[in-house]
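Protein chains in written order, with my numbering: chain A, 1 to 416; chain B, 1 to 265.
It should be emphasised that the hints constitute simulated quantities derived from the structure, not laboratory data.
Examples of chain B residues lying across from chain A (beta carbon under 8 Å, computed): (1) Ala-54; (2) His-56; (3) Pro-57; (4) Arg-83; (5) Gly-98; (6) Val-99; (7) Asn-103; (8) Thr-107; (9) Gln-160.
Sample of chain B residues with no beta-carbon within 10 Å of chain A, all distances over it, derived: (10) Asp-8; (11) Lys-24; (12) Glu-34; (13) Lys-60; (14) Leu-68; (15) Glu-71; (16) Thr-123; (17) Ala-140; (18) Asn-191; (19) Glu-230; (20) Glu-234; (21) Asp-245.
We treat Cβ as the ideally placed atom computed from N, Cα and C, and that holds for glycine.
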Amino acid sequence: MTAEITTEKARIGAPSIAGFTEEGEGLVSAKVDHSHNHGVTVMSSRAERLTSFDVADFALPTGREEEWRFSPVRGLANLLSDTATDLDPDPAAAFTVDAPEGYVRTPLGHGTAPRGTVLTPADRAAVVASANTDEALHVVIPAEAEPAEPLRILVHGAGAGRRSNAHYVLEAGANSRSVVILEHTGAADHNGNLEVIVGEGAKLTVISVQLWEDDAKHLAQHDAQVGKDAVYKHIAVSLGGSIVRLNSNVRFAGEGAEAELLGLYFADAGQHLEHRSFVDHNVANCKSNVLYKGALQGKNAHTVWVGDVLIQKQALGTDSYEKNQNLVLTDGCRADSVPNLEIETGLIEGAGHASSTGRFDDEHLFYLMARGIPEDVARRLVVRGFLNEIIQQIKVPALEERLTEAVERELAATEN
Amino acid sequence: MSTLEIKDLHVSIDTEQGTKEILKGVSLTIRTGETHAIMGPNGSGKSTLASTIAGHPRYKVTGGTITLDGEDVLAMSVDQRARAGLFLAMQYPVEVPGVTMTNFLRTAKTAIDGQAPALRTWTKDVKAAMQQLRIDADFAQRNVNEGFSGGEKKRVEILQLELFKPKFAVLDETDSGLDVDALKIVSEGVNRAHAEGNMGTMLITHYTRILRYIKPEFVHVFVDGQIVEEGGPELADRLEEEGYDRYATGAGAATIAAAAAAAQA
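Next up, chain B with everything else stripped away, as it sits in the complex (with noise of 0.2 Å):
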């Protein structure tokens, strides 16, 4: 089994209004084979949190840490955390021009493994995994990305996380711009990753929708940079009902929490 674990994460960025602090100290322990959904508003940070973790340049982690199996994340590149095992399924893939996806992907998966695919077995296995999620054959010889739409993309992600197996996933609002069918689809490769790897996934989201389809054991509602509530898949039922409204009052609720830290500090 293994342990990611975010402890008291502080995360800035530099605006032209100069450094903006969006992380303000957040706390998550995620296992193989759990699955955390992170809900909130737009702007809570919560892709902040998704983006640091796969460590995305632009985000500047001001304090904290984060360790998988005691190793410090933080100091690793942005390769090396992948191959250490963390996926992040993006919520904007981007175009990558003159790269096939089959190139694409056997270069990652060789990059992952530390040895090449025995070829045969793995053009199967691409081939059987598009299927799946319904990605016509045509994508393999096309560029990456380029010129796939918003939910073609999002399957393409999920594809890749199907292939490379990783130890955890996190899923930045996949479910966003996906039709129920698309919804669905990702929905299923997902699980399989799921009970296929002992894969551990946190699972960002603004909305419960998603949830319909993937079922995590522990909800943490993300406002303006903090953890405001955890629970358990009841606690997403109440914000399918209730919505965010009650912690618009949000900074309230914050603030009350960072008091109360501070308090005992």
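In isolation and in its complexed conformation, chain A is listed as follows (with noise of 0.2 Å):
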């Protein structure tokens, strides 16, 4: 460790804070460690976070825990608790899944590989999801195989305080190339995870799309690992729901692998959108990149990101970074951002965080309506532009023609 660099001014409360502000910093052989003092065991590094398959290992977070300080438990007592999926008269979050003859295997039990051998739950809601899940998903995308359409795992909610729990493990052979799409409509108490396991000189994309009616809540642990020379790209779009906390994680099994773990988020008044990302560069000469976006409105809207990177000592030749933005549209609305960096090798390519809370004001609609420009015009215009940046990292156009226009649908319930 060279150098210690204090975490508040990564810590943005947006409402406070007017005009768009950046910070961000090149940062190659300092570690900076944004840990935090509120009553917890500190730890020395984000590797050393307890992950495990018993639920016994995980108590009932109260919120005071690192992992679960910006969540709100006192609502998620239900996703909490050990329980069983809820299948009477139906199940509560049944899934139905579109993908090419032969790609849907053998459901796989506990313990069978390669489930569990990339995802070990990490929290209470991931062990009681795994816990509970007897028959998990298991899709595999053939070596060599380029499909043509995007794969579809649909998950639909049958209603508000069902509670479903999910296991789902994916496989993208060797030199495949993909898209999965992973949607989240109606509503339930959904525990969700997702196993998925980048084959050599592979390219996934996953797209796991948030569109929950209102009263849904959803808790979620995604994680990857990505082989020698594969491109993985994670990309959480979250629009609905009362409480979404998604956690994407990466680490990588060979050299000259990449990650890139993107999310767009707009939380209305009275949500909660989390997103924490922890890419874990335990292989050397691998490539990350990091970028989630978000808009709030409303009152108390509420947004979280957590952004953890580890660049483990053997990690040489790592190049990655991470960056938040978030543009508040009104009063009342919170937006915690918190980039994480440690650093345990200074032989890199770079390492770089940013994060930056900018507020659509009255200065700049006047400037906008100036030009002549109607006020609604003018405030899709800025939200659209913000959160097109990651829009149009997607590349499945019917799905990206869908996200605009749900984040219309957002914009006009703030005209009303």
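If you follow the hints, you should be able to join the two separate chains into one complex; please do so.
This is the structure we're talking about:
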């Protein structure tokens, strides 16, 4: 460790900040450990976070724990309890898979590889999801395959408050190229794990779309292991639901691999949308890029982004960057943004992080209107422009269009 | 020909100490093709006049009228005023996150003209206008004013002036913070817009140096929320030599004018 940089400037309480401020640093051979002292044990490294398949290892969170301190745990009691999926009269959140013939394999029981080889539950929600899923969906994209259409896993919640557990395993064979859309609609109390194995030289994009109804709650752990020379892109899009918390984690199985963790969220009044990402640079010469962008509007709209990057001692030649940007559209919102960068070797290409929270305020509005642009168009212009950077990464035109429309609907809600 | 007419305008702002009157009865008429310089010391209310014409919500009109060819400007929203042909080049242009210059310029042009500009000619026009104002081509892809220097922001204001072709332009201290080269470039832009568009210009400035490049036919001296003296270009020359000192009694001059007005009433 050659330098300690304090945490405070990276933590941004949005409502107090006017204008669009940006901070970012390119850090090489420095350890930036944005650890927090809130009556919990401060771990010396992100790598030491507890993971386990045993529910008993994870106590019910109180909200004071580092990984739960931003979350409304009181509203999560049902999801955090060790409870089976509600199957009466139908599964609380049934899924359908749209994939080429033969891609869906026999479900995987507990301890049946590859299940459990990449994802070990890292919090209470993930462990109860895992423990209560006896048969995990197993989808395999064969080696060299390049399916013409995106694969789709459609999860539809059958009713608010109904408990659902899920664990899906997704394998992209060597040198395959594919896009998988995991889409959530309807309402349920849904705990969903996604375990992703990206084979050597494969190129896989996973798009997790949260278009839940207003009363849905969703906790998720998505873990991926990216093989040698493979490229993995994970895009989280959270628009619906009352509470959504999605943790997207990645590590590498060979050199030359790339991971991109992207996210887009739009929180309305009372909505809690939380995204956590963890890139574990455990192998040399890999690349990662993290970018989450969010908009907030309405009283008590709350978003959280916690981005962890760990560059381990052996991960020479690492190139990593992470950034979170929030756009606050009205008073009464809160955006928490915490980038954490831990670097154990100085022999890297680059490591940087940035976090900014901007406010769309009356002066912006005046400027645009003074150029003849009506108020509603001005608002849409700003938000669309801001979020488009993520939407255009999806590269599935029909989905891009649907999400653009969904964002417009969110905006229309502000104007009413 | 169009006419922008300001009559006995009174404007207040809310401050922590209560309501404060900034403009105390301003009357001014500008026709297209004319250039009027509004000159005065800091704090005299020049910028308040500019912002009030554009409709900034901070400024409350407590009396008087502003009309554009007889239409009540004060009854129009901010965007309606712009579409009616008024343009304010701001003293402190704001940075707008998330919106590229390209997108912004096209959206504004579409709003002002009531139809989208023909893509091919528009792109060419924007490029040419940027070149003339020595604005780097890569600015088109940057967010509106974000990270621009003070001088770059002013040039981008004039870029909009040239592209939107308003009937009346109010330039609020466009010269402040510009070095001599930038001042020349910006002035040339204003002069082009003037020559091309038969535009009326209200040039608000503290200093006379911009008047070397933009020639006003009328000069109005603004002190303490009122016009205290009016004349031709020679008045600017006199200000150049004498400064605003002889109005320093400033308040005095205004009081005399007010007293005279009161006596007449």
